[in-house]
Amino acid sequence: MNLIALFAATLVTVTPLLYATIGEILCERAGVLNLGIEGTMYAGAFVGFAITAATGSIGVGLLAAVVAGALAGLLMGLLTVSLGVNQHVAGIGTTLLLIGLSEFVNRLRFGGGTLTQVPKMDLLFPGVPFLEMYALTLVAFAVVAPLTWWVLRSTGAGLRLRAVGENPEAADAAGINVSRTRYAALVVGGALMAVGGAFLTLAVLGTFTLNITNGRGWVAIALVIFARWRIGPAVLGGLLFAVIDAGQLQLAIMPAFAHVPRELLIALPYLVVIAALALAGEGLRYPGAYLKPYRRI
Amino acid sequence: MSFARHFTRRAALSLLAGATAVALAACGGNTGSPEPAASTPSGTGSSAAAAKVKVFGAFATPIEEPWDGVIHQALQKLATEGVIDYKHADNIGYDGGMERTLREIATTDKPDIIIGDAFGNEAPVRAVAKDFPDIAFAFGSGEAEVAPNFSVFDNWIHDPAYLAGMLAGGTTRSNTVGVVGGMPVPEVNRIINAFIAGAQSTNPKVVVKVAFINSWFDPAKAKQAALAQVAAGADVLFAERAGVIEAAKEKGLLSIGCMGDQKSTAPESVMASVTWTMEPTVRAVIAAVQKKSFAASNLKDYSFMKNGGSALTDLNTAVKGGIPADLIAKIDAKKAELTSGAFTTPVDEKTPAGSVGGM
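Protein sequences, first through last, are from chains A and B. With the numbering used here applied, the first sequence has no gaps in its numbers, which climb one by one up to 297 at the end. With the numbering used here applied, the second sequence has no gaps in its numbers, which climb one by one up to 656 at the end.
So here's chain B without its partners, still in its complex pose (with noise of 0.2 Å):
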């Protein structure tokens, strides 16, 4: 009897942690595609893609987190084209999980370019790019590349952080603007204060409120961060992070959105949106593979507004209130510049103080 007991409860216990364990694989590590050496995202099958470009998506985060969706995107993009073969592996998380996932691709897989995100994962994906020298590698960083193959970038959406800033300080009847930001990271405070430079040569009397979250994503505090500057007068908010435009859409404000075109949120509130894609840098660098003369570089140009990888998208003026006819001239103005070379976006990396400007 007790040992019939013993016995079952021994089984169920294997049986249940038998379908963790299998529930736990196919929803932590390589989400999207479980099986990073094997599987191949549709449409991409290699066997007609003799002349394509094999390129690997490594990523930490899963692809829903906006920051690598848009190397995502941009690679998915590609494929779809016909351009590259693509495959990646997300969600890997930054306890080890990055070297040998690289690793395992490098020897199995073989794939000509590797790209990915290399924040909080820095010295493993050095590691395995100095190992694994015929491999291309291009990756979002905070430091130097290192030659012969490992080239970096980053999401430099200063440009268009300036014209959003232009936009907020010609469109606040306060003369206070809200930002909420991820942390005061340089990557994150260059964005805040071009908007902020922005803002000032449209409305010199602005104050520009600065929160952050301490978290690269948390809405609902995003939102209570925002909702503390409408507390505070603010009247058009600025969404670095998710979560700020749920604010201005409650209280009716006006509010520009950051990394993706968020207008469909609330067409009534988002004037526009900084965007940022990464295909004139996924491009360069396939470009460069396939003239094998790919050497180790800052990516960082193929970024700029003038080179195309980042925007701010069409002003909404059906925003309630409108957006005045002279402000959209002078933004406008201010993009021809930016295209042409004329005006230089200043780049400051320095942590934003809490309210800015007006004492």
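This is chain A alone, in the form it adopts within the complex (with noise of 0.2 Å):
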């Protein structure tokens, strides 16, 4: 086992989770579910990757991924929070709109048979056992998620936020504004999801293909329960999900595991997160206005 490039391998799996998972605790912590995740990080992915195409800046097209990542929160607040739609059917519509129109857009523009290349963005520190990594990944680790979690314990703002999502009709009759918080919290989780799709065209690939984000968001879904909420352990849950998915592609070439079953190795990350979920979910306790809409009487 190469545990140099295990580290290099569990950086880059665990990046998109990281941003997909932080942006949908903001979301959820304001009480809004956002199964738009999936759909959001495809938009972000495409878009990432199309604007860059178009431009030639990888700055730009990051950017260009941050807004549509912000417009499909707008898509999920105008429905969840405006008109109170449940929160499932319009997560999951968001997920299957973006992808189709992404999808759609795609093939106006690049349909054909080779793929397109994009410039992609360089490694820091190439070679360098252990630092080798993705500028996208040492600002998860040394912005996004110590920023996130500093806003959402110890700030006004992150109160607010907080508050929303407890307990809405306390909020209100506190004075905050419950729609333009939660508005605010889809805006920034949706721009953190697609940066989490965007890295997958413009850091790992430089191109793109369709079903890029291959159910990343679900993963990231399924990360925030098991970390009940809370940014610390979400990066724990991230890099443990990410160091076992890294180790059984090392594991399953090795003369010693050869014969072990594929299926058992492919499955250990997913079976290691539902064990450490059934261990860790005694006693969990949802934000309280989770999946409700807000209306005032």
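If you're looking for bench data, these hints aren't it; they were derived computationally from the structure. Yeah, the Cβ is synthetic: ideal placement off N, Cα and C, and Gly gets one too. Treat the hints with care, as some may be off.
Here are the simulated lysine-lysine pairs, DSS-like style, with alpha carbons at most 27 Å apart [unchecked claim]:
| hint | chain 1 | residue 1 | chain 2 | residue 2 |
| --- | --- | --- | --- | --- |
| 1 | B | Lys502 | B | Lys617 |
| 2 | B | Lys617 | B | Lys632 |
| 3 | A | Lys120 | B | Lys617 |
| 4 | A | Lys120 | B | Lys560 |
| 5 | B | Lys548 | A | Lys120 |
Not everything, but these chain A residues come out facing chain B in the computed CB check (under 7 Å) [unchecked claim]:
| hint | residue |
| --- | --- |
| 6 | Ala5 |
| 7 | Ala9 |
| 8 | Asn214 |
| 9 | Leu249 |
| 10 | Ile253 |
If you want the ones that stay clear, here's a sample from chain A, every Cβ over 10 Å from chain B, calculated [as the list claims (entries may be wrong)]:
| hint | residue |
| --- | --- |
| 11 | Ile58 |
| 12 | Gly156 |
| 13 | Ala170 |
| 14 | Ile176 |
| 15 | Tyr290 |
With the hints in hand, could you dock these two chains into one complex?
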């Protein structure tokens, strides 16, 4: 087992999950289950790629992905906050719409045999063991995770967000604008999810292919519950999943493990997360206003 | 006041629902030809084509997916040549859409031939074929043909995969080669096993690392699997799935593509690609229908290398480190034997182990 490669692979696997999971935590702590996550990641991956292809600039592409994610968050806000639609239906609808739309535009714009290549991000510290990583990975660990943790815990904005997610009536009575807070959470959360998706096209592959997110959004949904809506455990849970996922790829090709059924090894990361959920799931407490639209009576 | 607010909410909701439905209809089901019964790809108008054979393509996946893409490209080519009148529907899915689409096409559009991909839709496709004996059906399938009108084909690209294996075995310096496959099903296994046999023929000491990503399309995962093989010492990678060449490119290693010619992805890394073309298969079906001699058969031979259905693209000697001349000669000789029939690639559909050889 090659530990340096394992570490590098873990960082690549965990990065999209981190952005998506932190984005989802923001939404859910404000009381909105955002099942648009898979579609938002997909749209972020596609828009980031398409705009990079058009402009030749990864920075502009990433910015466009952020805007796309924010718009996806606005759409979720329109549906679940302003219109009070069932959050499951709104989320799955948003995911279907964004995936369909991305594939449709992809066909119009890039249809045809060969994949279009765009410039992709370089690794920081290439070849240096344990330091070789993409800038977005570093930003996720050094900026996004600590910042959201601090904002949620210690700032007025974080307190308002949590209040709106726990007890919107009381928050409203205290003068907090429930709709605006939820919109803000969805917009910022959506932007983070889109960055997670754009990481796949702009850092890992340098191209866009159908089914690029391949269920990573749903893994993030499970990680949020696993982490009980807290940032620290979410980072740890993501790392746990990623290290086992990266490890099984190495194990499966070792002569000693060559004849272990592949299905078992492929299922391993999911089995561990399910087991961890079962163990940690006792006394699970959802945010008070989870799934509930808020209307003044 | 409350009435007005509720009214606007309801109006906005129905508007939004309507817009979503329209958008989904446009990008889901039949992308590329939104109304299968009515649309005709440009350049294939039926007025001037009384004698042309009418062909309909029915695909469960989007045509960007390589497997169905190969079928679509062959049909598209024949349509451009003016041989056939071609329409298609793709992204039909696996939840009942296939049977509905086929029945509708068979009753309203009445094509002479329906070509497509029955993997995951075996029962519905066969049921429709039975009810429309006058239409020739040719479908990608893992099961047998059904008389009188249901023919099957599959991507039998084990011949070029064997040559690709020879290439990998002859160019590896670490005697370790990596293969990343989709799922361990017979169609994929026989490609990988042929590759392994080829690698062993040019390098008896070779160790082949085999990974499956349990998905037909997850390039990010495929890249990770390839990087794990590189960590285990592999210095030549065979990209049965998309994403592997990215890893080879990043690590400055040699690679071999699959399905399409992938040289343009990384000209310094891709030595050759294993390609599949449906043209011979499709031409055979059309010729049979024109002669009114179509009968249910297994069309797999048309995918064989000797019939032009699969190939190893020209070797790219401009890759880093080049390709030894004696290896090129060996591969050319084997290619000639395959074409003449002097050599037959062994067919082995068992799941390969994660690490083969070198024990």
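So which hints don't hold here, by number, going up?
-> none
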